[in-house]
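Colleague: Sequence:
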Amino acid sequence: MSGRRRVKNVAYDEDEWGFNDDDWDEDDDDYEPEVPARPAAALRKSTSAGASGRVPATKPPSRPSEKNVKNGAASNRSGEESSRGRRSQGPQQSGNSDSKFVNCKSSEAYHTQNAFAPNAEPLSASSGTATAKPHEPRNGSEGLDSPASRSAAVRTPGRPKPLTLVVVGHVDAGKSTLVGQLLRSTGTVEENVVQKMKKLSGEAGKGSFFLAWLCDEGDDERERGVTVDVSIRVVVTPNTGRRLALVDAPGHREFVCNMLGGAVLADVALLVVDTARFEAGFDGQTKEHLLIARCLGIQHFLVALNKMDELAWSEEMYAKTVERLRAYMVGLEMNCAPGQISFVPISAFRGVNVVNADALAAIEKARAEGAGKRKPDPRSVADAEERERHMQALASWWTGPTVLEAIEHLEIRSRSDQQKLLSEPFAACVADAWSPSASSVDVHLSFKVVQGVLRVGDTVVGLPGETPMVCRSLVSFGETRESCESGDIVEKGVFSPGSHGSHAVIDVSVGSVLCARSHLLPVTTVCRCRLMVFGTDLPLVQGRQFVAHIHTFTGACTIRKIVGVINKKTGKLQGASGEKRAACAALGRGMVGLVEIATATSVAVQVKSTAGNQDGKDAPTSVLSHIILRDRGKTVAAGVIVATA
1 MSGRRRVKNV
11 AYDEDEWGFN
21 DDDWDEDDDD
31 YEPEVPARPA
41 AALRKSTSAG
51 ASGRVPATKP
61 PSRPSEKNVK
71 NGAASNRSGE
81 ESSRGRRSQG
91 PQQSGNSDSK
101 FVNCKSSEAY
111 HTQNAFAPNA
121 EPLSASSGTA
131 TAKPHEPRNG
141 SEGLDSPASR
151 SAAVRTPGRP
161 KPLTLVVVGH
171 VDAGKSTLVG
181 QLLRSTGTVE
191 ENVVQKMKKL
201 SGEAGKGSFF
211 LAWLCDEGDD
221 ERERGVTVDV
231 SIRVVVTPNT
241 GRRLALVDAP
251 GHREFVCNML
261 GGAVLADVAL
271 LVVDTARFEA
281 GFDGQTKEHL
291 LIARCLGIQH
301 FLVALNKMDE
311 LAWSEEMYAK
321 TVERLRAYMV
331 GLEMNCAPGQ
341 ISFVPISAFR
351 GVNVVNADAL
361 AAIEKARAEG
371 AGKRKPDPRS
381 VADAEERERH
391 MQALASWWTG
401 PTVLEAIEHL
411 EIRSRSDQQK
421 LLSEPFAACV
431 ADAWSPSASS
441 VDVHLSFKVV
451 QGVLRVGDTV
461 VGLPGETPMV
471 CRSLVSFGET
481 RESCESGDIV
491 EKGVFSPGSH
501 GSHAVIDVSV
511 GSVLCARSHL
521 LPVTTVCRCR
531 LMVFGTDLPL
541 VQGRQFVAHI
551 HTFTGACTIR
561 KIVGVINKKT
571 GKLQGASGEK
581 RAACAALGRG
591 MVGLVEIATA
601 TSVAVQVKST
611 AGNQDGKDAP
621 TSVLSHIILR
631 DRGKTVAAGV
641 IVATA
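Quick note: the sequence shown uses full-length UniProt numbering, first residue 1, plus one each step.
Any given hint might turn out to be false.
Unchecked claim - DSBU-like mimics (lysine-lysine), calculated; alpha carbons at most 35 Å apart, straight line:
#1 Lys287 / Lys569
#2 Lys365 / Lys161
#3 Lys634 / Lys561
These aren't lab readings, by the way, just hints derived from the structure by calculation.
Please work from the sequences and hints to get the whole structure.
Modeller: Structure representation (structure tokens):
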């Protein structure tokens, strides 16, 4: 297991911002920057990108020590991974342009510096730092196999259930800028950190990128102006106190696989659209990002029509863009429910229609009171005045919610569906894995809880290696917790070996699945899938090779057999009811078929359930059942796993 991070988890604490503070002087609290002349429109990000590299199959590296893996080393601008930083996992070695593009980070030093501040609250709430108490493992009889462990996780009464959103869209649409604006406008990030980013980005000649730099920390990301790694930020909404995990995904076509890994973790997709340049982005990555999110089972979409200030807040342009997007999203390829799509006009850079005015005023008041004798920043005053002018222009025709208000009131599943998931045996897909040190036997994991409940002290099994582990601690949505439940994203879970001695090596990495001991999911290299074929120059035929994405697993696969064609109207295999079955050797664009696929390495999956809900509707498909096939940088087909060999 390497020290490399695939998903960055960063919170901004009073003393730990996750940045190098050597160049930030002690007296910078009184820093009074000059007021630069603001351009008429926000500067566009650079669209330069590195070439797609092939990743050869390499021998899994040994677990590195911190002195051998330096913080920020091996930043790879060509898009190729260094073998030193590769994970000790076969499934990630795809051998084509769909490789993971990530940056090397030090192991525990990076995580300690950038860990979530426990119980972090916005500025409008009372501040304070909670100290996590050491967790004692419970009796083995109280593990995941006991009924008591499947009860609901302990939560604050009255607090809405946390929500995970993946922020997607075409390159330069303003995704990282929107996330940075949400961090700033909710008080998650202190204003002096924002001013620090303004100073650093200005010195680098990228002054309009300061909000994006709150998310994009890598040197290559800041130099090129594009997001490469997936990063996660936690925001607490000021009105309802709902905790949101914002998964900032890259938009460049070279990094679609990283975006896909982030989308697996999400419940909702927040699509950011560059309204002023909609046509170029729509035929670029906008469509593919939407399609990937839908193929992973995401049903709720919030569309932020960004950069409306460049169009003078034109209601006509807003309506035309909404019409184009809605037509595609409710069409045959995506088949979204119209009631589960929302549209909001915004300017992420100027902070217009991102957070409502009352909440923003409360945050700014709290900042002013906390500043004490600190002199007000003239740029902050100018920004507020300019934002007010744009808000008045938008208010002439827009009466809908802000982005944060729309997110706050999202309900992604009914109470009965949630209770059903809670009653299921625990299962989770691992999005990241790292070791605290070269000598440690513990492993730190980031994962998405798909179903069931996990409590500190429970014993779980890591698949496909059937590795027993004991959960020692959990950090979820920025809080140190005793348990997590279905739908939760765990930024950091500490696990120790569960058997074979205290010095056993835990063989769990990206693409692994955590399960309850008594309910292990099937591990296979051959599965039957119900697939729909999208854009492809060549049809799906026996022997054709792809890169398969199954939850967080990525690996090479081969079409073993085209079983048959599925009738779109009936949903049944042609010839299954006694009628003559038409011979089928290939599946072309728009066709749906039953296909047998063989993966190069073993993967844990969950076969799609055929049982329906009490209301007669099909049960929601688990993310562990979804599969996406990609080839040469394009999404070719997607569907669900219906059987294993």
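Colleague: Tell me the hint numbers this structure goes against, listed in increasing order.
Modeller: none
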